[in-house]
Amino acid sequence: MFQTTAELRSAFLKYFESNGHQVVDSSSLVPHNDPTLLFTNAGMNQFKETFLGMEKRSYNRATTSQRCVRAGGKHNDLDNVGYTARHHTFFEMLGNFSFGDYFKEDAIEFAWNFLTQTLKLPKEKLCVTIYETDDEAFEIWNKQIGVAAENIIRIGDNKGAPYASDNFWQMGDTGPCGPCTEIFYDHGEHIWGGRPGTPEEDGDRFIEIWNIVFMQYNRQADGEMLPLPKPSVDTGMGIERIAAIMQGVHSNYEIDIFQKLIAKTAEIIGVKDLQNKSLRVIADHIRSCAFLIADGVMPSNEGRGYVLRRIIRRAVRHGNKLGATDSFFYKLVPTLIEVMGDAAKELVSMQAIVEKSLKAEEEQFARTLERGLQILDGALNELKSDTLDGETVFKLYDTYGFPVDLTADVCRERDINVDEAGFEAAMAEQRSRAQAAGNFGADYNAGLVIEDDTEFCGYTDLVGQGAVTGIYVDGNAVEVLSAGQSGIIVLDNTPFYAESGGQVGDKGLLTADGIEFKVSDTQKFGSATGHQGEVSQGEIKLGQQLNAQVDKKLRHRTELNHSVTHLLHAALRQVLGSHVTQKGSLVEPERLRFDFSHFEGVKAEELKTIEDLVNTQIRRNHQLTTAEMDIEEAKEKGAMALFGEKYDDKVRVVSMGDFSIELCGGTHVGRTGDIGLFKITSEGGIAAGIRRIEAVTGAAAMEHVAEQKAQLDQAAALLKSDSASVVAKLQAQLDKVKSLEKELSQLKDKLAAAASADLAGDAVEINGIKVLVKKLEGADPKSLRGLQDELKQKLKSAIIVLGIPGDNKVNLIAGVSNDLTKQIKAGELVSMVAQQVGGKGGGRPDMAQAGGSQPENLDAALASVIPWITDKL
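Note that full-length UniProt numbering numbers the sequence shown so that position 72 is 72, with each residue one more than the last.
It should be emphasised that the hints constitute simulated quantities derived from the structure, not laboratory data.
Fair warning: there could be bad hints in the mix.
[As the list claims (entries may be wrong)] Calculated lysine-lysine pairs in the DSSO-like style (CA-CA distance at most 30 Å, straight line):
| no. | residue 1 | residue 2 |
| --- | --- | --- |
| 1 | Lys524 | Lys552 |
| 2 | Lys56 | Lys14 |
| 3 | Lys809 | Lys840 |
| 4 | Lys709 | Lys738 |
| 5 | Lys14 | Lys143 |
| 6 | Lys822 | Lys384 |
| 7 | Lys331 | Lys603 |
[Unchecked claim] Pairwise CB distance ranges (calculated):
| no. | residue 1 | residue 2 | range |
| --- | --- | --- | --- |
| 8 | Ser10 | Glu267 | 24 to 32 Å |
| 9 | Gly378 | Leu734 | 53 to 61 Å |
| 10 | Gly638 | Arg154 | 49 to 57 Å |
| 11 | Gln793 | Ile416 | 33 to 41 Å |
| 12 | Lys822 | Pro781 | 25 to 33 Å |
| 13 | Arg154 | Thr4 | 31 to 39 Å |
| 14 | Gly638 | Gly475 | 14 to 22 Å |
| 15 | Asp398 | Glu267 | 52 to 60 Å |
| 16 | Ser385 | Arg154 | 55 to 63 Å |
C-beta: ideal position from N, C-alpha, C; glycine also.
Generate the whole structure from the sequences, applying the supplied hints.
See below:
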């Protein structure tokens, strides 16, 4: 009964669905419109705005199995993952939620009945905790559920915790908060540990399996806690923990999901010891890495991409420790899809790009290891003591991704110690920075919350009438807005489209007799539409009827650009592949921009094909149709969901023939022919795995074509050609320039050879070694290396330093013949000179170059060369 993780997930969702809860799909691991979170880390994240009253849903009870990532910052110590029984980077959080519906009594009863009746867990194995002052929760547990008083443990505030305390939860420094009650499972006397609240509570005997948060308050920035108008419930139960209990094991890594991933990893690498901790690390990490990439995160050197890169490289390093000699990590994706079952549906559609991304990062890391070894080797060669400093160890780890244990291995082979204390100090600083980056911080009460509803009539009309239901100035409700004042006007009915789904808000006018309000933007505030702008005439009062008139020209141009994004999305998927998904968009009157997932740059011929395909659909003049239907019916029809949109049970489906079918609440043209013309103006990368296309339509596209034609005509005139022959004429000119550059280079080489003969005579001897130090006024910096080689050949055994001053810059080169590199290294020499002219540089022992920004110091810098060399010899 309910043995596999998949069966448990299904049983949980069905139980709460049978108790009136709406089953809601897991949200993305990249939080929607939430600056406070690096990753989705709890089931309630997608319901934040609902709990805050900023968003209304068609249901007031929900249940989910939410995928979560906790890696880096305060949420998880990555180095513990794989070595403890319950540390993970990725986990699934089973949850049930009440938005002002049921509260403590029902929430406790739901949890207890599921555990003891559905899962049949022994009641004597369970104990509970409550917040120390929550007598109401105590009474429910004791009197209604029947839990003995000695098994109900009161837990108080832990003042040092960053997110409030044990058994009192809050969203952040501000926002919804309230007391908790937790359910613990006793794994048995054979495992060390004590009950919650005892000195031995950190043991593994009693494990928290379910946390129920009673959201009763809204904490203000000054610390005051105001009662929420509709107390709510937020719960969470880690599926891995309950699966371990149901499968009769103690460690999460012994459950079915991990055991299959561990076995597959061992098979791929060729490992026989299935208890090896490195196999656990890899099994955990493939889950977070694969799902993060599927949700649009790509390995990079900052933000979410940096965390992903660290996790991938940690997994690969553990594979290397197990003996992996080739790329292996990406090969686990098919097994992951298999063991995750229904929870992997997003992963299935992105499987190809996930595998490709993981393999590319693994191959890049192999090159990183090679580069790291070179840097480490150089650092050890220049070491003046028997200890490698912690800063260097940290730089190798943090900047180059070079594993610390590998640094220690290399040092051990050379009898060199590692400054572990210095490394730990640098790591502590890095953790502090990571925590600051992970806790973006926001005042949840800073957003304007409006309880009113606005009916939108702007799909069919650009003029309308509405009663003023709210007036706001600087976030405060007022009753009157006078001429010259700026504010937000809320109407009960409006044709103005509020910014959503990438489409900017409408502009226009609100008017009445003697009244004019210029709308500069339109925004959503929950279910209300806010018209932002300024009163240019008269006075607006609550309850007043206003005429609403949208700027027709701006709306029409915006609609052209919005409709074409649907055609562009479909064309991208047809030309580049089904892995392409929208990752963001901006639709405004002047232009459009469209962000999408794709692993590499779009080739010129692919862009032309995409542009031609979109224009073909425009010329076909498809009628644009809209229909409202159930979300499941829309999915069966093949409708694409747009990035960043939230959808209710009933959705609006926008179709353009059979070429494009998408869920969209935006405004559009009547027929695709209205768009006229589509022209791509640019394509480029904005993040790892994310590309951006910018484009124009209609009259703007015609203007763009005209501008390009004008530029072509101008280029033809400069080349004394016509536009039809400009490419051939330009190629001829480029060939001529290339020939002249080659000729010039040859002349410079001859001049350098001649100059070297004269310069060689200026060398002086220091302890029997020839040394040449020279400032070359007006010389070509590109000739430095050739000149240095010529001088080496003439002087045979010598040390050479040449400097060329320029406008606010200096070019330097140092050369040392091979027989002298043990005594003098060119890199050290040129760095010494460069530091005096505001620069830096480096290179090989026999040749090194540098630059600087202080030519006025060049004479003095060159004068220091001979004393420096004399001191070294």
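Hints, verified against the model:
{"no.": "1", "hint": "Lys524 - Lys552", "verdict": "holds, 20 Å"}
{"no.": "2", "hint": "Lys56 - Lys14", "verdict": "holds, 24 Å"}
{"no.": "3", "hint": "Lys809 - Lys840", "verdict": "holds, 12 Å"}
{"no.": "4", "hint": "Lys709 - Lys738", "verdict": "holds, 28 Å"}
{"no.": "5", "hint": "Lys14 - Lys143", "verdict": "holds, 28 Å"}
{"no.": "6", "hint": "Lys822 - Lys384", "verdict": "holds, 16 Å"}
{"no.": "7", "hint": "Lys331 - Lys603", "verdict": "holds, 28 Å"}
{"no.": "8", "hint": "Ser10 - Glu267: 24 to 32 Å", "verdict": "holds, 28 Å"}
{"no.": "9", "hint": "Gly378 - Leu734: 53 to 61 Å", "verdict": "violated, 41 Å"}
{"no.": "10", "hint": "Gly638 - Arg154: 49 to 57 Å", "verdict": "holds, 55 Å"}
{"no.": "11", "hint": "Gln793 - Ile416: 33 to 41 Å", "verdict": "holds, 39 Å"}
{"no.": "12", "hint": "Lys822 - Pro781: 25 to 33 Å", "verdict": "holds, 29 Å"}
{"no.": "13", "hint": "Arg154 - Thr4: 31 to 39 Å", "verdict": "holds, 37 Å"}
{"no.": "14", "hint": "Gly638 - Gly475: 14 to 22 Å", "verdict": "violated, 43 Å"}
{"no.": "15", "hint": "Asp398 - Glu267: 52 to 60 Å", "verdict": "violated, 33 Å"}
{"no.": "16", "hint": "Ser385 - Arg154: 55 to 63 Å", "verdict": "holds, 56 Å"}
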